[in-house]
Structures are given as C-alpha cells and as structure tokens.
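**Q** The residues making up each chain are set out below.
2 protein chains.
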Amino acid sequence: MSDRYLDFANSGVGGWLTGALGLPRPAPLQRRAEAGAGLVGPLLLGPDGNGRLAAILGRLAGAAGQKTHAAWSPDVRYGGLVFDASNCVDAASAQGLYRFFHQAIRSVAEHGRILVIGTPPELMADVGGEAIQRGLEGFVRSLAKEARRSIAVHMLYIAPGAEGAAESTLEFLLSPRSAYVSGQPIRVGAGVAGVDQAGHKGRRVLVTGASRGIGEAITRLFVAEGAQVVALDVAGAVEGLSALKAGLGVETLALDITAPDAAESLLADALARGGYDVVIHNAGITLDRTIARMEPREWDSVMAVNLTAPLAITRTLVEGGGRRPNGRIVAVSSLSGIAGNMGQSNYALSKAAWIGAVRRLAPQLVEQGITINAVAPGFIETQMTAAIPFAIREAGRRMNSMGQGGHPADVAETIAWLADPASGGVNGQVVRVCGQSLLGA
Amino acid sequence: MSDRYLDFANSGVGGWLTGALGLPRPAPLQRRAEAGAGLVGPLLLGPDGNGRLAAILGRLAGAAGQKTHAAWSPDVRYGGLVFDASNCVDAASAQGLYRFFHQAIRSVAEHGRILVIGTPPELMADVGGEAIQRGLEGFVRSLAKEARRSIAVHMLYIAPGAEGAAESTLEFLLSPRSAYVSGQPIRVGAGVAGVDQAGHKGRRVLVTGASRGIGEAITRLFVAEGAQVVALDVAGAVEGLSALKAGLGVETLALDITAPDAAESLLADALARGGYDVVIHNAGITLDRTIARMEPREWDSVMAVNLTAPLAITRTLVEGGGRRPNGRIVAVSSLSGIAGNMGQSNYALSKAAWIGAVRRLAPQLVEQGITINAVAPGFIETQMTAAIPFAIREAGRRMNSMGQGGHPADVAETIAWLADPASGGVNGQVVRVCGQSLLGA
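So the protein lines, in turn, are chains A and B.
In this text, residue positions in the first sequence follow the numbering used here: the first is 1, and each later residue adds one.
In this text, residue positions in the second sequence follow the numbering used here: the first is 1, and each later residue adds one.
Hints listed in this document are in silico derivations from the structure and should not be mistaken for laboratory results.
Quick caveat, the model's predicted, so the values are computed rather than measured.
Glycine included, C-beta positions come from ideal geometry on N, C-alpha and C.
Keep in mind that the hints are not guaranteed to be accurate.
[As the list claims (entries may be wrong)] If you want the footprint, here are the derived chain B segments under chain A, 3+ residues with CB under 8 angstroms:
#	region
1	90 to 99
2	130 to 144
3	293 to 299
4	306 to 312
5	336 to 344
6	348 to 356
7	426 to 440
[What the hints assert, rightly or not] What follows is a list of derived Cβ distance ranges for each label pair:
#	chain 1	residue 1	chain 2	residue 2	range
8	B	Q95	A	V13	51 to 57 angstroms
9	A	R148	B	V13	40 to 46 angstroms
10	B	R293	A	R4	31 to 37 angstroms
11	A	D7	B	A391	23 to 29 angstroms
12	A	Q383	B	S93	32 to 38 angstroms
13	B	R315	A	L271	57 to 63 angstroms
14	A	A63	B	G236	55 to 61 angstroms
15	A	Q95	B	R4	41 to 47 angstroms
16	B	A391	A	Q95	30 to 36 angstroms
17	B	G22	A	W16	30 to 36 angstroms
18	A	Q383	B	D7	40 to 46 angstroms
19	A	S242	B	A391	48 to 54 angstroms
20	A	L21	B	D7	28 to 34 angstroms
21	B	E110	A	R148	43 to 49 angstroms
Start from the sequences and build out the full structure, keeping to the hints where you can.
**A** This is the structure:
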C-alpha cells in the first residue's frame, strides 16, 4: 500500500542519496487531496490564443480563478499548455504544433497539464488529414514520455459540433483529478444530449466490490460528491461494508453477483429504490497461474465474477428498467486485458472482453440516454498489489512515465468523470489509468 | 548488428554461466535460413480435430509433408497447436479453449507455433459473443508471454466466408517466416477476391530505402522469391545500390523522394516499366531530439521523408495508373508510432500517421484490387540500432517475449506475406514485428 522508495527519494537524506547515485526520483503526484479539484492555471492557449475551445476554456478558467494567455512569455510558469491541432490537414499545417511546444514545453510548471486537441481522424476530409490527425497520437505519446514525471499529457479528439459536450472532460484533464492518466487518446462526440446537470449530487450509484481497495475509493469519492451510494460486496466482506456504512452512511448490499438469481434480485432491489443513475462494475478477482497449471475452477471463477455476472446484471437492469434516465455504466477493465500478462490468461480474457462489451453496448444504450465506458487500471497501490513479490512489484511500479504506482483514488476520479451526467459525449471508451505504463499492445 | 549476449548465452561456457547465475537465456530463433519456409508440424487441431479451417489446414500440412492430429497425445511434440474458437459465444463455450491449452501447451516443440482462430468480434450476434471474441486477444497475449521464448503465438480473426482467403496467412503464421511476430490480432476478410496467383514470381516490386538494413533485406527476399525488384534510394546511397545491382541483378533508381517532382518522375518511370505490382514504402529517417531541443529542419525532414513523400507517391501512382491489377502497398510504420518514444515526437507522429493512412486508404483501394497494410517493427538489429548506446540498446533488445532483437529479414518476411497476391483478404492492418515487445499503447 505504501511506496517506500517514493517517500525515501523525496525525503532529505533520500533526495541527497538518490541524486548522488543517479537514481530516479519520481515526484509525488498532486491529487485532489493536495491540490484541490479545480482547473490548473494559467493556461497557455495555442495557436495564438485561438482554437475552437478558446471561449469554453476561457470561461472554465475564469470560473476557477485562473487566467488564459494567448502568447508565450518566458517569465510565466504555466499550469497548462493547450494546443488546438484540429485543423491540421498535412505536415505543413502541423509545423505550428512543433513551434508551440518547442517554445513552451519548458515553461510548464510541476504537476502541470499538456493537452492537444484534434479532430477524430476518420472525420477528416481526406487521407492526408486522417494521417496527420492519427499521427497526433504518436506525438502526444512521445511528449508524455519526455515531460517531467509529474506532468500528464492528454490527447483529446473532439468531433466537430461536440465542443459543448467537452466541458466535463476538459475540467478532468486540466485538473489534479487526472494526475495518473496520461499519454492516450480520449474522444468526445455528440453522445447523450440535453443534460443540464453536472456533478453527482443526489444521483443513486451502485458500486460492486465496494468494501476495499479501488471499490472503497470509488464509494468514498461519490459520497464526497453528494451521491447516494449503494455499496455491494460478497457476504464475506461484510466487515468492510459495515465500516463503510458506519463511516460514510452509505447503504450496503451483501450479495454474491455470481449467484444464479443475483441479477434478478438486484433488479428487484433497484426497482424498490427507484433505479440507479450510475452502475460501477468494479468487483473482480484474480486467480493467477500459467495455463498449464491452472485449475478448472480458477478459470471458471474468474470468468464468472469478472465477465458473466456483470454482463448479466447490465442486461437485466437495462431491460428491466432498473436504470434512471441519463444513466452511466462504467466497468473496470485492466491493463492486463490490453497487453496480456503472464499467469493471467483467465483474467486477461475476462478484462479484454469488456473492451468488446463496451464497444458493442455503447451505440445501443445511447438511445436510452445511457453511456457505457471502461477504465483500465495499470499498477495501483492496493492490498492486491502489496501481495506481489518485491522485485516484480517494483518493476510494475516504476515502468510508467510517472515512475510510481497509482492510487485507488486515481481510478475513482476517472470513473467519476466518466459517470458524470455532463459526460454524455464520452461513450464506448476504455481509458487507461496507468501513468502511461510502458506496457501495452 | 550482432547480439553478443545471445551468442554467449547459447555457447558452452556461456550457457553454464547464465544458468548458474540465473540469467535469461533467449533461444536463437529459427528462421527460413535455418528451418526453411514451410509449415511447422505436426499440428494438433482443436477442438477435436474440427474447426472451420480443419480441411484447409489438413491440405496445407499435407503439401508440406506434415501431419495433423485430432487428439492430444503425451508422446508427441507438436510443431503447432491450432484452436478454433470461432464459435465461442460466452464463458461456458470458452471452457474448451482452456481445456485444450491446459493439456497441450507443454507439448509444443521449441520454435513451435500457437494459433487461436476467432470471429471478428463486431460480427458476433450479441454483446456476449463480441465480448468473448474480443477477450481472446487478451488470452492470446497472455499465452504469448507464458510460452517459451522461441514460440510465437498468434490470434487470427477470420470473417465468416473468408476461410478460403486465409491460406497465405496460415502459411505465414505457422512457419519459421513469422519467427519474430507474436501476440497480436491479425484479420482476414473477403478483401480482394478472384486471385489465382500465390508468390512473387514475376511481380514487379518497388522498394524505397533499399540500399541497406531493412530495405536491403526486403530486396533480397523478393529477389529470392523471383520478383523483379526496382531498388530505390537517395543518390548518397549509390554505393549500396550498386552492390545490390551487382550482387542481385536488380534494377536501381537513385531518387530523392522528397524532391518536388519525385512522385511525377516515379510515375513516368513506372509507366515506362509497365507499372508496379507491389510498392514498399520503406525509406525513413530518424532525427531524434526532445521537442525543446529539436530544430525546425529536424522536424520538417522527418515529416517530409516519412510521411509527405510516400503519401504523395501513393496518390500519384494510384491515380496515374502506375499500378498493375492486384497491387499491394506496404508501408513501414514503427512501434514508436504506436507507443510514442522519448526524443521521437517527429518520428512517432510520422509513423502513427501511417496507421491513419492505411485505415483510410484500405477500403478505397480495394475497389481497384489493391490492398494497403503497414508493418510496425520493434527493436531490429541494424546499423541504426547498433548506434544506440549500450544500456538502452540492451533494454530495447530484451524487453520482448523473445528476449532478443529481430532481424531485418523478419520485417521482410512479414512484408512479403502482406504483399503476396494471395493475401488479398488482409487489408488495412498494422502488423507489429517486435517479438511481442512489452512496449505498447
């Protein structure tokens, strides 16, 4: 649960020693707890203060008490650099991208944000436009590896006309809430329209696997944001559930989601409560073993908990009316599902399956005002990862652009953004929460 | 160019020493030069000798003098395991996948192949089917990390009805030709139909950047396969071109592809020759520097050589009739374009752009009987990688499931498969040649 190297390297004697030995010194990230949830600033907006989001960014910055700048100054440390590359159609028009970052990148403050905005490549008029817009992703991934370890770098593709649907995403990406999300493309489309609400106040949220780790962090964040959380976990986790109930006042539900009648009884419960606004499929297990040694029950249990049960619950709740309008579903996938992992053929299958499930369900559910997305955590500091042998744990922790593991709160923040009623333009996506892990597919 | 650790670890004293010290001992891969280009064998076909490709595989194996088996035997070392998971629609039906590999995986011979066949997820009838088919990718990536270092593991999605278009791909994936390709999904669709020819005999092939490294390997392989190669490079590489001409009898073309009239003069030349069957966009440069230090000419040159010029040549040749029917275009992208890389914001942009270009052009060109694909090399042993500082080079070499760098011939083999007239069902894809590098997106 605790990263002693990170603490040590940032202590007095540790800082001296790591410096003298040339060892890496990852900077502790600043999250909501340290830096609040508001926009970073000041923002430098390129090119030349223009771009199709300039007005929105100006308003968001103003509301957060931050300034926007149209021209680079050597005397300013910027909290965020934002470049709108939406109009790049070929290499010549991409020169502005180079000039902006060549000049400004050293002016980003510690814990700052870098954001490149593009047009979804497939919406460009011709092959040159699609090529350069797709190329931005390679550019951003490179910048994320070059930037200092406390700086997150984001690529945001916004469909033409969907600028108004991007606010909640801009607020996430340009704030401490996205501290451990970096170096990947995120898309905003038209999605679910006509939503006035932002934030989770009064929303009814179901969190599975809520008793500890990432599930507990999700529960705590939604409660702090004013949601009415129903914390679900197996009967064996009743102690953790009771603690949540006592500490946070949440309602709890002891249920084995793999029981034959689980989906139906969850639906009955949901209908009695008036339905859920948000369902977070967080419950999951690992039973690691190479396939040659894996036992049938290890294969079957992982499939049942991680895939079959949450798919059945999703279907039953949606078809049975257990959802309220403008619903949000977020599943917890995994970097293992993206990249595969030794000893996790069962787990990786179940988590990769959610990439397919989200892709299929997103366009179907959007007609009912529901979005569905997934998060894919990398190395997160939990009891689960604390049990990993030291050397492997250290490798997992350091092999990312931040040089450290993430916190359960980082996953929770990402889920809260996706589940926001104002995030209706974000649908069918799989967002990594991994500090730009080197690992991938 | 030479991997001394690999050589040492596989020598007498080196083998003893690495064993005693617990150091990794990657096995030298067996390629065409060591093991021929034919099918591995015997093949174990699951489930129970059935599957929609059983007849085709039986025929291909027979033609290569190999046997197929329908039932696992503890006494056989299999050259290849093939499991058809096309009909998996949920976790219950995926149990067969577990049982097959749980039993058989230890029976794969060194340098063997593992192949899982699936249905393209988006073609499944419902969300459960799409989920499990997409999940296969996570399963295969995990198996590729578990398998011994000389074994390549492949995931092949074949559209229903496209089985007949899969032969050239099966021959590639189940042979020494795919030694350094592993752990990723490859797709076969209907694509370009009605092609009788297989192999490159008599085909006219343009290779850019042909004078050395990967380009030279491509040239040598196509010549060995009976193609008429035109080897193109800049005037400064005339020595390498002359050597190719003298050694292989290829025609050569000294041309700067970034010259303003390059595309037009290439078209004129192509028309004079009767057009090309195959164009390989291999020419590329790196000019690495962090964006803060990068000079404008470093940004511009990389864009011009790697992106703008080959896009212009593609357009000019296609529109000008410089292609013959059943044409093939293959571009060399890069793992940098997929994952990004420190100091390569220019290169990564240009190489990621080809992922977009290929996606856009594939459905357009297929109407003219042309396919376009890309390969994305990981760490390949060339003069370019030999210039990388030792520690970084060693990390790049070892951070993949094979524990070693690839050879230029591995990239050439992959290109030759994609460029085969019989590979018309493979279109719009980006195939990594990286030994399942850990690095990814």
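**Q** Each hint needs a verdict: does it hold in this structure or not?
**A** Hints versus structure:
By the rule of at least three residues with a Cβ nearer than 8 angstroms to a Cβ of chain A, the coverage given for the region 90 to 99 of chain B holds, with 6 such residues. Counting residues of the region 130 to 144 of chain B whose beta carbon lies closer than 8 angstroms to any beta carbon of chain A gives 15, which meets the minimum of three for the stated coverage. For the region 293 to 299 of chain B, the proposed coverage by chain A is satisfied: 3 residues have a C-beta within less than 8 angstroms of a C-beta in that chain, meeting the threshold of three. Using a Cβ-Cβ cut-off of 8 angstroms, 3 residues of the region 306 to 312 of chain B lie near chain A, which meets the minimum of three, so the contact claim holds.
With 9 residues carrying a beta carbon less than 8 angstroms from a beta carbon of chain A, the region 336 to 344 of chain B meets the three-residue requirement, and the given coverage holds. With 9 residues having a Cβ less than 8 angstroms from any Cβ of chain A, the region 348 to 356 of chain B passes the three-residue criterion, so the hint holds. Remark: the region 426 to 440 of chain B is confirmed as covered by chain A, as 3 of its residues place a Cβ nearer than 8 angstroms to a Cβ of that chain, reaching the required three. Between Q95/B and V13/A the beta carbon distance is about 55 angstroms. The supplied range of 51 to 57 angstroms therefore holds.
Look at R148/A against V13/B: about 45 angstroms separates their beta carbons, and that is inside 40 to 46 angstroms. Distance hint check for R293/B and R4/A: the Cβ-Cβ separation is about 35 angstroms, which falls inside the suggested range of 31 to 37 angstroms. A C-beta distance of roughly 27 angstroms is found between D7/A and A391/B, which places it inside the suggested range of 23 to 29 angstroms. As the Cβ distance of Q383/A to S93/B is approximately 34 angstroms, the hint placing it in 32 to 38 angstroms holds.
Checked against the hint of 57 to 63 angstroms, the pair R315/B and L271/A passes, with Cβ atoms roughly 59 angstroms apart. Between A63/A and G236/B the Cβ separation comes to about 57 angstroms, which falls inside the hinted range of 55 to 61 angstroms. At roughly 42 angstroms, the beta carbons of Q95/A and R4/B sit within the given window of 41 to 47 angstroms. A391/B and Q95/A have their C-beta atoms about 34 angstroms apart, which keeps the hinted 30 to 36 angstroms range intact.
The given range of 30 to 36 angstroms is respected by G22/B and W16/A, whose C-beta atoms sit roughly 33 angstroms from each other. With their beta carbons about 44 angstroms apart, Q383/A and D7/B fall inside the hinted range of 40 to 46 angstroms. In this structure, S242/A and A391/B meet the distance hint of 48 to 54 angstroms, their C-beta atoms being roughly 52 angstroms apart. Separated by about 32 angstroms at the C-beta atoms, L21/A and D7/B satisfy the suggested range of 28 to 34 angstroms.
About 45 angstroms separates the C-beta atoms of E110/B and R148/A, a value consistent with the hinted range of 43 to 49 angstroms.
No hint from the list above goes unmet by this structure.
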